[in-house]
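Chains as they are written, first to last, in this note's numbering: chain A, 59 to 121; chain B, 1416 to 1553.
These are computed hints drawn from the structure, not numbers from a lab.
Here the structure is a predicted model, which means the values were calculated and not measured.
Just so you know, not all the hints are guaranteed correct.
Unchecked claim - Simulated DEER-style distance windows between Cβ atoms: (1) Lys88(A) <-> Asp1487(B): 47 to 53 Å; (2) Ala1450(B) <-> Ala98(A): 27 to 33 Å; (3) Glu102(A) <-> Leu1497(B): 37 to 43 Å; (4) Ser80(A) <-> Asp1487(B): 21 to 27 Å; (5) Gln1472(B) <-> Gln60(A): 26 to 32 Å; (6) Arg103(A) <-> His1446(B): 39 to 45 Å; (7) Gln1472(B) <-> Glu102(A): 35 to 41 Å; (8) Lys88(A) <-> Tyr1456(B): 46 to 52 Å; (9) Glu61(A) <-> Ala1450(B): 44 to 50 Å; (10) Gly1449(B) <-> Glu61(A): 44 to 50 Å; (11) Gly96(A) <-> Cys1501(B): 27 to 33 Å; (12) Lys1506(B) <-> Ala98(A): 44 to 50 Å; (13) Val99(A) <-> Tyr1456(B): 37 to 43 Å; (14) Ala98(A) <-> His1446(B): 23 to 29 Å.
Claimed, not checked - DSBU-like mimics (lysine-lysine), calculated; alpha carbons at most 30 Å apart, straight line: (15) Lys1462(B) <-> Lys88(A); (16) Lys1518(B) <-> Lys1506(B); (17) Lys1437(B) <-> Lys105(A).
To be verified - If you want a taste of the chain A side facing chain B, the calculated C-beta under 8 Å gives, among others: (18) Gly72; (19) Ser74; (20) Phe81; (21) Asp91; (22) Phe93; (23) Arg94; (24) Gly95; (25) Leu101; (26) Arg103.
Built from N, CA and C at the ideal position, the CB exists for glycine as well.
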Amino acid sequence: MQEKTITITIDEQGNSTLDLNSFAGQGCEKVFDDFRGGDAVKLERKKPAYYSNQEIEQEESRR
Amino acid sequence: MSKYGSVVTVVKEERCLVEALKEMGYEVEVHAEGARLNSYYSEQERKVANFIVRRAQLRGAFGDIGFARQPDGSLAMIADELDEHCGYGAKWLGRVQQLYKEKQTLAMARAKGYILKRREVIQTSEGQQVRLQFAVRR
């Protein structure tokens, strides 16, 4: 299983990007909110793996 | 990969703001009830802030720079308009926010158990970027 990582890149204009890898579903949202803190979101995009991993998680929870 | 987002830093946490300003080499006055900022022209509107860097520490500045608590809980920069053109405008504030965001992120990560794996400083055509990589504690 791939390690779950969070990469935050902070620029000199006070903007930052958040890149979450190997997360899915609600867990992904919670981690995103932790790192967003009280900041204003400019752009938020789910990657394809967000949904595919979610299906896997749901299947695992059904077993 | 699962999610990507971009955010604009909102300064809210006092301790991280003070640490950021200190890292820039300033001594910061903290006034819970607010204190007046000195301006170049005495007839200018009196401005009040909770965190103040005095003009004596700001090379070439006309007035003090402060951060004042806003009704929404954020801390907004208050400065003499003349100083926007003396190196204390958007670029200066951006550097404060960059340091603030790094300190705020590291403090949050420590508190919530995320593991810092790597810290890099990257030079780009748009300036210096700080990249932090974290892992989730298993």
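Hint check results:
Separated by about 24 Å at the C-beta atoms, Lys88(A) and Asp1487(B) break the suggested range of 47 to 53 Å. Taken as a hint, the range 27 to 33 Å holds for the pair Ala1450(B) and Ala98(A), whose Cβ atoms sit roughly 28 Å apart. A beta carbon spacing of about 38 Å between Glu102(A) and Leu1497(B) agrees with the range 37 to 43 Å that was offered as a hint. Checked against the given bound of 21 to 27 Å, the beta carbons of Ser80(A) and Asp1487(B), roughly 35 Å apart, lie outside it.
A beta carbon spacing of about 48 Å between Gln1472(B) and Gln60(A) contradicts the range 26 to 32 Å that was offered as a hint. Here the CB-CB span from Arg103(A) to His1446(B) is close to 42 Å, well matched to the stated 39 to 45 Å. Remark: the range hint 35 to 41 Å for Gln1472(B) to Glu102(A) is upheld by a beta-carbon distance near 39 Å. A beta carbon spacing of about 50 Å between Lys88(A) and Tyr1456(B) agrees with the range 46 to 52 Å that was offered as a hint.
Glu61(A) and Ala1450(B) have their C-beta atoms about 48 Å apart, which keeps the hinted 44 to 50 Å range intact. Gly1449(B) and Glu61(A) have their C-beta atoms about 47 Å apart, which keeps the hinted 44 to 50 Å range intact. Between Gly96(A) and Cys1501(B) the beta carbon distance is about 30 Å. The supplied range of 27 to 33 Å therefore holds. In this structure, Lys1506(B) and Ala98(A) break the distance hint of 44 to 50 Å, their C-beta atoms being roughly 20 Å apart.
Between Val99(A) and Tyr1456(B) the beta carbons are some 39 Å apart, a value that agrees with the proposed interval 37 to 43 Å. In this structure the supplied range 23 to 29 Å holds for Ala98(A) paired with His1446(B), their Cβ-Cβ distance being about 27 Å. For the proposed pair Lys1462(B) and Lys88(A), the alpha carbon gap of about 39 Å is over 30 Å, so the pair is violated. Between the alpha carbons of Lys1518(B) and Lys1506(B) the distance comes to roughly 19 Å, so the proposed pair stays at or under 30 Å and holds.
A C-alpha spacing of about 39 Å is found between Lys1437(B) and Lys105(A), which places the hinted pair above 30 Å, so the restraint is violated. The closest approach between the C-beta of Gly72(A) and any C-beta of chain B is roughly 3 Å, which is under the 8 Å cut-off, so the hint is satisfied. The interface hint given for Ser74(A) is met, as the beta carbon of that residue sits about 6 Å from the closest beta carbon of chain B, less than 8 Å. Annotation: interface hint on Phe81(A) holds; nearest CB of chain B at approximately 4 Å, less than 8 Å.
Restraint check, Asp91(A) versus chain B: the minimum CB separation of about 10 Å is more than 8 Å; hint violated. About 7 Å separates the beta-carbon of Phe93(A) from the nearest beta-carbon of chain B, less than 8 Å, and the hint is met. Because the beta carbon of Arg94(A) sits about 5 Å from the nearest beta carbon in chain B, less than 8 Å, this interface hint is met. Taking 8 Å as the C-beta cut-off, the interface hint given for Gly95(A) holds, the closest approach to chain B being about 6 Å.
At about 5 Å, the closest approach between the beta carbon of Leu101(A) and any beta carbon in chain B falls short of 8 Å, and the interface hint on this residue holds. Nearest Cβ of chain B to the Cβ of Arg103(A): about 5 Å, under the 8 Å cut. The hint holds.
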